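*Asks:* Sequences listed follow chains A and B, in order. Under the working numbering, the first residue of the first sequence is numbered 172, with each subsequent residue one higher. Under the working numbering, the first residue of the second sequence is numbered 562, with each subsequent residue one higher.
Incorrect hints may have been included.
Cβ-Cβ distance ranges computed for the label pairs, FRET-style [claimed, not checked]:
#: 1; chain 1: A; residue 1: L453; chain 2: B; residue 2: Q679; range: 45 to 51 Å
#: 2; chain 1: A; residue 1: E328; chain 2: B; residue 2: D659; range: 50 to 56 Å
#: 3; chain 1: B; residue 1: D682; chain 2: A; residue 2: H357; range: 26 to 32 Å
#: 4; chain 1: B; residue 1: E775; chain 2: A; residue 2: A236; range: 54 to 60 Å
Facing chain B, a subset of chain A residues (Cβ under 10 Å, in silico) [claimed, not checked]:
#: 5; residue: L179
#: 6; residue: M200
#: 7; residue: N296
#: 8; residue: A457
These are calculated hints, taken from the structure and not from any lab test. As the structure is a prediction and not an experimental result, all values here were calculated from the model. From the three backbone atoms N, C-alpha and C, an ideal C-beta is built for every residue, glycine too.
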Amino acid sequence: MTEHQPKLALGPVLYYWPKDKLLDFYERMSAAPVDIIYLGETVCSKRHTLNTGDWLDLAERLSRAGKEVVLSTMALLEAESELLTLRRLCENDRFTVEANDLGAVRLLAERKTPFVLGTGINVYNGHTLRFLTGLGAKRWVMPVELSRETLRSIQTERPEGVETEVFVYGRLPLAYSARCFTARYHNLPKDDCQYRCLDDPEGLTLSTREGQTFLTLNGIQTQSAQTCNLLGELAALQELKVDVLRISPQPEGLETVIGAFAAGLRGDRDPVEAAQQINAALPYGACNGYWQGQPGLMQLTN
Amino acid sequence: MAASIPSTPAKPLELVCPAGNLPSLKTAVDHGADAVYIGFRDDTNARHFPGLNFDAKTAAQGIQYAHAKGRRVFVALNTFPQPAGWERWQRAVDQAADLGVDAVIAADISVLDYACRQHPDLPLHLSVQGSATNYEAIRFYHEQFGIRRVVLPRVLSLPQVRHTLEHSPVPIEVFGFGGLCIMVEGRCLLSSYVTGESPNMCGVCSPAKAVRWEETANGLETRLGGLLIDRYAPGEPAGYPTLCKGRFTVADQTYYAIEEPTSLNTLELLPELHNMGIAAIKIEGRQRSPAYVTQVTKVWRAAIDACRRNPAAYTPKPEWLRELGKVSEGQQTTLGAYHRTWQ
């Protein structure tokens with residue numbers, strides 16, 4: 172395991188956590204073996220425990236702790252106020268920005284500043300990747316529904332110097348809506364949501380009437396209930412020359428997960444065995460179907 | 562609402578109707594569609610259903626039919642090619658240009674880029690699948706590919722549509738009627754999560770081949786990829802198991818957790834859409850029958866004409882609503898995201 176050594180990244184927190192919890196989380200993460208930390212609210216602009224200034228302060232602190240900090244932007248931009256925040260982030264001249272909407276790509280390309288293409292940008296083939304690289308993208312996160320074989324193809328067309336990042340751990344972001352499903356569950360209008368998503372640090376789980384849990388409601392975002400875990404695929408990720416592995420924050424047990432990925436990369440621990448151990452503790456199980464070219468919720472063993 | 566309406570815009574509001582086959586295209590034209598949108602018979606479009614869509618011959622016939630009556634035909638090439646099939650989208654763009662279509666409706670950057678470089682005279686519309694929910698995104702597509710129109714995702718409220726239009730470099734088309742996507746189009750992976758096939762990758766949502774209908778002791782059950790989407794009591798009307806429109810359990814409640822089986826219907830918003838200067842109203846439903854296309858085209862033609870004659874006096878006629886109600890999913894309609902309380 173010495174040929175290609177990917178970096179570890181911590182994705183943006185997708186849930187709404189109280190300020191203390193969020194700051195405590197990042198305090199711990201500043202000491203965790205992740206190289207890159209993505210920061211910012213990407214799901215709902217009403218969430219305000221940290222404002223843009225607070226996020227920038229946090230970015231400075233994490234940067235001083237030796238992390239590469241990237242500021243993530245919203246996936247669903249509708250209101251002018253959301254565009255104002257977006258502009259403020261894109262115009263920060265200190266940190267790289269992750270675009271999750273092509274509106275952000277436009278603003279970043281205009282400033283001729285290199286940027287990251289997040290999971291919200293549809294890069295499904297090498298032509299699209301090359302086009303966006305021409306506008307200044309320096310890294311892309313593969314859309315989560317693409318498979319290992321599709322990645323293999325895109326990697327052969329990848330322009331020189333562009334980094335590839337794969338979402339390797341966490342609940343998969345699957346959809347965004349104008350409607351807030353958390354407010355709907357609580358029978359509240361979105362405009363008076365009372366910030367009820369603060370009650371659920373990992374969202375609300377949704378099951379069929381037979382009790383099969385398969386989705387997570389996180390405000391306007393829908394996620395998988397199953398946790399994507401590609402730790403067991405570490406060898407394949409390295410062979411495909413993936414540069415960055417993204418771990419998406421969950422409120423519990425994340426240090427263990429990060430530790431397992433780091434140990435796997437160092438060659439100190441068998442990643443397949445470590446993955447099994449992590450998966451056994453997941454409340455709704457693991458999934459790796461998308462990576463295998465199957466329905467995303469499936470969990471296949473090699 | 563009519564009192565606050567400003568003067569009538571210069572260009573008349575266009576009616577854009579769906580056609581999954583030649584009879585649908587003809588009936589749309591016959592009943593007053595200004596434009597008809599179609600797709601080819603493969604996964605280059607977001608209604609890649611068995612037995613649906615046009616080959617080169619029927620497309621040519623349809624275009625000839627529409628053009629003879631002064632109407633236009635748009636071709637949707639609005640899925641996201643993966644590396645293995647990219648040439649198929651390339652060929653589809655070439656074919657659309659050769660056929661002399663009036664516009665290609667595309668979403669993927671590589672498809673838009675190819676079309677604008679290879680066929681600079683071919684008008685491009687940004688598909689709803691392009692996920693342009695704000696004017697900065699619209700400007701991106703306009704500056705990079707010279708798109709001439711954008712179809713907005715069904716997630717904006719009416720004031721947001723107005724604000725977007727005020728800052729948009731290109732005319733805007735909005736959905737007026739039909740199946741309601743509740744998620745931002747182009748960024749919804751729910752279908753592939755459960756079935757392996759999504760609108761982006763395969764041009765399908767909740768594909769028929771993953772569907773099962775089963776009579777059980779508990780009632781009629783509908784499944785998608787094996788998951789129970791809904792269960793119906795005897796006599797309860799059953800609907801197609803679109804993933805986001807099932808009854809699910811969240812904590813202690815079982816309900817339509819994401820969305821009811823309902824159709825979008827904006828007939829009552831027509832004066833506002835007209836007066837704010839929306840360029841076109843799009844009707845969803847290329848997968849629907851020629852009878853659906855006939856019915857919906859008739860009603861919307863009459864409504865748009867009435868609205869243009871006198872927007873201040875316009876009000877949807879009860880018979881229009883009745884006719885549309887008959888062809889709506891779940892026999893109920895909603896204003897969707899245009900109306901803030903829905904959100």
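*Asks:* List in ascending order the numbers of the hints, as given earlier, that are violated by the structure.
*Replies:* 2, 3, 5, 6, 8
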